[in-house]
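If you want the building blocks of each chain, they are given just below.
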Amino acid sequence: MAEAIPAVAVSTTTTRVNLTGSWKYIRPVWRDRVAPCNAACPVGVDIEGYMNLLREGRDSEAIDLLLRENPLPAITGRVCDHPCETACNRCSLDEGVAVHAVERALGDAALARTQGEARARRNADRIAVIGSGPAGLSAAVFLTRLGYAVTILEAAPEPGGLLRLGIPPYRLPRDVLDRQIAQIRAEGVSILCNVRMGRDLAWDTLDWFDAVFVATGAHRSRPLDVQGEELPGVHAGLEYLRRANDGHAPDLGKQVVVVGGGNTAMDCARSARRQGADVLVLYRRTREEMPAIADEITEAAAEGVRFLFLAAPIEVMEQQGRLCGVAAQRMVLGSPDASGRRRPVPSDEAPFSITADAVITAIGEEVDGAHLPFALEGGAVPVDVLGRTAAPHFFAGGDMAGHERTVAHAIGAGKRAAIGIDRHLRARRGESPPPDDVAALRWGGAGNLSMSRWRQDDPVPRIDPVNEVVEWADINAAHFAPAPRLLDWIVPPGRGRSGMREVNRGLSRSEATSEAKRCLNCGVCNDCQVCMIFCPDAAITPDPSGHGFMVDLDYCKGCGLCAAECPRGAVTMTREGL
Amino acid sequence: MKKVMVGNHAVSWGVKLARAEVISAYPITPQTQIVEELSEMVAGGDLPARFIKVESEHSAMAACIGASATGARTFTATSSQGLALMHELLHWAAGGRLPVVMADVNRALAPGWNIWTDQNDSLAQRDTGWIQLYCENNQEVLDTTILAFRLAEVVDLPVMLVLDAFYLSHTSEPVDVPDAALVDDFLPPREARHRLDTADPRSYGALVKPDAYMEMRLQQQQAMTAAGEAHERFVQDWSARTGRAWPALEAYRADDAELVLVTSGTITSTAREVVDSWRARGERVGLVKVKMFRPFPTAALRAMLRGKRRVAVLDRNISPGHGGIFAEEIRSALYDVPLDDRPALWGFILGLGGRDVTPETIDEIVVRTREAEGAPEREDIWVGVKV
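The listed protein sequences derive, respectively, from chains A and B. No gaps in the numbering here: position 67 of the first sequence is 67 in our numbering, and each next residue is one more. Offset between the second sequence (1-based) and our numbering: plus 1000.
Do not rely on the hints blindly, as some may be mistaken.
[As the list claims (entries may be wrong)] DEER-style ranges, computed between Cβ atoms:
{"id": "1", "chain 1": "A", "residue 1": "LEU578", "chain 2": "B", "residue 2": "LYS1209", "range": "42 to 48 Å"}
{"id": "2", "chain 1": "A", "residue 1": "GLU576", "chain 2": "B", "residue 2": "ALA1180", "range": "55 to 61 Å"}
{"id": "3", "chain 1": "A", "residue 1": "ALA481", "chain 2": "B", "residue 2": "ALA1180", "range": "49 to 55 Å"}
{"id": "4", "chain 1": "B", "residue 1": "ALA1180", "chain 2": "A", "residue 2": "ALA112", "range": "46 to 52 Å"}
{"id": "5", "chain 1": "A", "residue 1": "PHE480", "chain 2": "B", "residue 2": "ASP1046", "range": "44 to 50 Å"}
[As the list claims (entries may be wrong)] With the Cβ distance kept under 8 Å, some of the chain B side facing chain A (calculated, not the full set):
{"id": "6", "residue": "ASP1176"}
{"id": "7", "residue": "ARG1195"}
{"id": "8", "residue": "THR1198"}
{"id": "9", "residue": "PRO1201"}
What the hints contain is simulated information worked out from the structure, not anything from laboratory work. Beta carbons: idealized from backbone N, C-alpha and C, even for Gly.
With the rest of the complex left out, here is chain A (with noise of 0.2 Å):
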């Protein structure tokens, strides 16, 4: 008898005839979301789906999926204020994925690789983008791989606009933004340089083109409006990079005063303190209201930079002719603004001087409307999503347009304004663009617009995806151990010419690699088989085409461990279809 009894409690039968799929009334659904960084990212690049190609090794797939929604990664992984990091679910964890150093990295790889060929063109329409810099390039280059012939009109002698004339050569090596420029007339983009619109070449000329596409900036510096601003040793804050930049930066003596509180200000300070000059920077708010990117406060910081916060200049003094100091007022918050900044106002205290030999202005800059063929709303060109201006045929973006002023979004507005002028040309050629939703275009629904979902060619196999960002409370914590993110290689500057070599040396690609191991593919199923570990009915299989799962409903009896134990909340229970 014993031994038709077995030596342990194992059922005399296989299990299966125990079909407990009847028990359910949920099953679970894999369906690939949206990863927070993609939504946050102004230029819409698929940041999680980058990452995930890095982790498996597929390096050139990796640096394809980025250049396709970012045409300019080598310059955005340098200057991007990256909002995609602090979106980053991982800051819950510990600290968010270091995007910007693999973009970095990813920028050079493709900056070094062989050239491609140029884009074929594809049809007659005919295209102008006015101005070279990040918006201007972004449409250009969008353009072109969509078929266009674009030409590119800039002001400068050289081409990059803000970038070069902006951005100092320590944060944005000129041998970088030259190759990247390379890299884009290779595609196809012609630039002429040295044709200012409305001076050297009336508007009405580009009637000759089918769309034109401006993006010609906001260079004006904003004046301070205080007595002695006229004094020599009073510089504004892009004239005085634009020529630091070019290697001529003026004599500014040993004491200097940047007034401001962005980006501009941060470099000029920067820079200034290059010249060998002692610098202070005047904000009138505190630095948790500072516009500028928190690195390069940081940066300018460890560089010597000084800061007196809650102080605004009331006039730039003089003695005999020549500027020697700048009188401020203290100030203090007072309610919030139209910004959500709380507004800094004049304190009681008695003003109070500081000694200087030269001011650098750089409280912000404003578009000069006189030579744009389209008027100016509250100081900048109206423009619909897509980039539409009042005039037909006429597009717009970039800092001229009224969105953030950041490279990250000119580049999104260029790649938006390429979709609105596709759609309008391909519209007019009587072919069927595309449907005309915006947001289904948009990265989680309100995130900048995907080139690949517009050309319905993307290259990431996505299953049955959801136009949905996934939160920190989907992330289901227990899989990832903690890893400290990876720190950018940062080098003192220097004094004199050696003061502009690059400061942030950035990651190496095997550190890149590392880093992007530690994103948390937020709802992108990448096949890590923990759903399958974790099915107690075995009901849960690999799905035949090498990407997904199966789920065997005669078993599934629909407890939800699958979806509550997926890492990255790509898989949900549902009632649906039962």
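Add chain B to chain A, keeping to what the hints say.
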């Protein structure tokens, strides 16, 4: 190859030579060195095993049970409170007939908090269905670790190998480390009779009704009996390969002895010295070392002690309200010996919580046993206590 190593590392080396595939453990003094060394062997690639970190001994045993159920050769180690925490799962491993091997470094239970040696932790697990093997020196520890895997896998029962805290765990001795080829020949890869298989899914450990439960327990008991026989075979096999035999029971100068000491663990080595000194004086004193506590070697023990006049059992443990656990087991085993041949038995309690057991302590036991008149005055005689 001879190496000098502590008893804990002798376990680690045994596990490495046995090619354990899954190791899961939670650190506890005085065991920690065992799994620390193993974790380094695994991390360094010297031992191609999975090392599973867990948050408690309960989970460590659970992980071993799961891994063993898939057919993997599995090891863990613990001590004292850690073993106590595992208690429920010890039944699962044994009832599931899973050949998990575990090292228990004997350590006293708290309170009072105590990290020194004492057998109560392992003996408290007497009825969980685990084979228990007690070791005397570091060579025996290494050899027993390897043998434990073979024994466990042949009879489908878990094995606990037991070594004394500090006297073995942290004491260095020269140990002959056998060649991997020798061990591989002695210990073939595990062939599980039952294993979890997703291609043929079955339910394990589910409800067993009264109409089948007893038969399972009977088979477990039969496996225990078989384990005793298998152990003897493997001891001989190992001895043929290495020249070293560690039998379930060892008689030392006991053939003509009138008074026999019965010991386990490291007290045995001290007792050997004491026996030698009495022999040198012409006194017929001998020793029986008990290595195997479960299955209990009842028949062999009866044969060894039959006809002796006096037996003194040395227990580094206490079953409160009864007596020394080895003494009670041996007294019970001797009950079936006819009265004329049945020795009188004195049970001594000593060395609890790591108290030193010196030759003088054992001398005192010999003297008290020799000079006792009539039956023992009580079942538990406490030696070396400050009263």
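Against the structure, the hints:
1. A:LEU578 / B:LYS1209: 42 to 48 Å: violated (34 Å)
2. A:GLU576 / B:ALA1180: 55 to 61 Å: holds (57 Å)
3. A:ALA481 / B:ALA1180: 49 to 55 Å: violated (33 Å)
4. B:ALA1180 / A:ALA112: 46 to 52 Å: Taking Cβ atoms as reference, B:ALA1180 and A:ALA112 lie about 49 Å apart, which means the hint holds.
5. A:PHE480 / B:ASP1046: 44 to 50 Å: violated (29 Å)
6. ASP1176: Violated, because the Cβ-Cβ distance from B:ASP1176 to chain A comes to roughly 37 Å (cut-off 8 Å).
7. ARG1195: With Cβ-Cβ at 10 Å, over 8 Å, it is violated.
8. THR1198: holds (4 Å)
9. PRO1201: holds (5 Å)
Of the numbered hints given earlier, the model fails hints 1, 3, 5, 6, 7; all others are met.
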